[in-house]
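J.: If you want the building blocks of each chain, they are given just below.
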Amino acid sequence: MNTVWFRELGFHNNPFSIKPAAFHDQVIGFDKIVDEISYGILNNKIVLVEGDYGNGKSSILKRLLNDFGGKKQVIYYSCNRMDAHLNVKMLLNGRYGFLGQLFDMKPKDMILLLDEAQELRGKDYERLYSYYQEGYIKSIVLVGKGIKKSEIVSGFKNHTEEVGMHKMNEDLALQVIKRRVGELPLLPDIVVRKIYQRSDNNVRIMLKTCEEVCKKAVETGRKRVTEDFLKQFFQEKDAPVAVDKKVELEKPKPEVKKEEVKVEEKKVAHKTVIIDRRQEKKEEAKVEEKPKAEVKKEEQKKEEHKVEEDKNAKGGPKVYRPDDYKMLKGSAEELLNKQTDEIFGDEQYY
Amino acid sequence: MEWYEELDFDENPLKNETKFVGNEEALKEAYYSIISGNVLVIESPEGSGKTKILKEVIRKFGGYGRVAYVSAKALDRELNIEHILIKKNGILGMLFKKDPKNMILLLDDVEYLNAKNIERIKYYYDSNHLRAVIITTRSFEKLNLTESMKQRIRKVISLYPVSEFEAVQIFRDKMGETILSDRIIKVVYQLSNKNIQKFLNNCEQVCKAYVGNKNLTEDDVRKIFERGVK
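So the sequence lines, in the order shown, correspond to chains F and E. Letter by letter, the first sequence follows residues 64 to 413 of this note's numbering. Letter by letter, the second sequence follows residues 148 to 377 of this note's numbering.
Hints listed in this document are in silico derivations from the structure and should not be mistaken for laboratory results. It is possible that part of the hints are untrue.
To be verified - On the chain E side, residues computed to face chain F include the following (Cβ under 7 Å):
#1 E152
#2 D155
#3 I182
#4 S183
#5 G184
#6 Y270
#7 N275
#8 S295
#9 Q298
Claimed, not checked - Sample of chain E residues at the chain F side, in silico, Cβ under 10 Å:
#10 V186
#11 K202
#12 R206
#13 E229
#14 Y259
#15 K263
#16 E266
#17 R267
#18 K269
#19 Y271
#20 D273
#21 S274
#22 E294
Just so it is clear, CB atoms sit at the ideal spot from N, CA and C, and this is done for glycine as well.
Make the full structure from the sequences, and use the hints.
T.: In structure tokens, the structure reads:
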């Protein structure tokens, strides 16, 4: 547990965090909606935004905060924090901090952004309306799923403007991922698109699955997520969860074994026989522990093989046997006599 | 003279905290979900080591005033997570309503979360006051989570009961190598229905008998249990 997959890839924090607007204040893909809402705000209207879970409602509010913030003119409040009813007075007093509460100072022309507005009741709307009429509040943005429209005060209704959320298309979802991780060789575009299709066009679920996929890929030592790997991943996910320890432990092994077989095939191609069985086993164990280090080891092995081939070319049997110490001895002397440049091709090292 | 003093222990060794044994996968998941900032739910029946996992988490991440551990057993019906989080900054923090950042919330053995608290957790998690949340419970369905909260949960994992071998390991970690044979410990573990808390309590009884009679057999142990049942 010393290394986590995203630390290995060079991120300090989880790049697929599902918190709204976790990393970038700039939110992609809602230009039209944001334009409509800003238009409503500038015209002193009450804007209702409705959308499904995980489609970026809160992210839109974060973006609005960014656009209109800075002049101490915006109040953001999440309605799921309120106790019994919304305390608008406290929100307004809060602008002047502690003193505001003492002297009951209220600012004028504020913009109110209310998240999770489905919690609001008829009384809250009445209170909001009275502040709205007195001019303390300039405009209100209500965001939530299933806002109770029947409870909205009739006075508000002349000023309301409804904005519907639409689902993101694939290209935008791809951009979201690109924003977070940049050009990551681990996650090709096709894979991201497939993941998005599998997650009901829901951005939050997509981020979650991306995280799982990347985690698994890094832990099994892959450098690139292929479509086959993705298929396998979804199959395992759809299958009923096996609680047994054995099943969980056995799953990752076969993949590693396949790679080992490949390594052995290469060895055969070099027409050399591996000498020390013990060493091999040790290396296998290491491979199982740290599949990431595998690639480097393979390279090292290749170099070794080349050296061995050189030895074989200089006379002596083609098969390298440990018992033949004569051959070892002779070749070592020959090697010592020659200069290093002749033995090792420069290309291997530079 | 207490039974453990006769066995050369200064205090009851069965109540010592020792190394975490069994369910390493679950512990890894817990560590990972904290580092990556996720919501994790651990679901398992009584006495399978839920609290032990949370204790390990506290040991690893505690010390900076960032971990908030709430045991639902010690609470009244009314739980307000907001108060717990605000308390962290002391009186001044409460006056100026300063919210802490990057806290880790551990909710132990929650049977039921009311809608208000779910919403509060959701809000604090979304606004990054809470970095990660771990909830342990006996049954996930009884928690009554809303749809939007369920979306935020990365994974629901369940613990499997500790194997007999691991039970022996736990006992050896606490009591040393010489006391009782492996076989007897295994019998005790079977008789206590694979519940670790019960297992440790029963071990205490068996150890007491062991002080009187150094050559305990399996039958003796079974007799002790029969007496206990009566």
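J.: With reference to the structure, classify each hint as holding or not holding.
T.: Tested hints:
no.: 1; hint: E152; verdict: violated (39 Å)
no.: 2; hint: D155; verdict: violated (36 Å)
no.: 3; hint: I182; verdict: holds (5 Å)
no.: 4; hint: S183; verdict: holds (4 Å)
no.: 5; hint: G184; verdict: holds (5 Å)
no.: 6; hint: Y270; verdict: holds (5 Å)
no.: 7; hint: N275; verdict: holds (6 Å)
no.: 8; hint: S295; verdict: holds (5 Å)
no.: 9; hint: Q298; verdict: holds (5 Å)
no.: 10; hint: V186; verdict: holds (9 Å)
no.: 11; hint: K202; verdict: violated (16 Å)
no.: 12; hint: R206; verdict: violated (13 Å)
no.: 13; hint: E229; verdict: holds (7 Å)
no.: 14; hint: Y259; verdict: violated (18 Å)
no.: 15; hint: K263; verdict: holds (8 Å)
no.: 16; hint: E266; verdict: holds (3 Å)
no.: 17; hint: R267; verdict: holds (7 Å)
no.: 18; hint: K269; verdict: holds (7 Å)
no.: 19; hint: Y271; verdict: holds (9 Å)
no.: 20; hint: D273; verdict: holds (6 Å)
no.: 21; hint: S274; verdict: holds (7 Å)
no.: 22; hint: E294; verdict: holds (6 Å)
This entry does not satisfy hints 1, 2, 11, 12, 14, going by the numbered hints stated previously.
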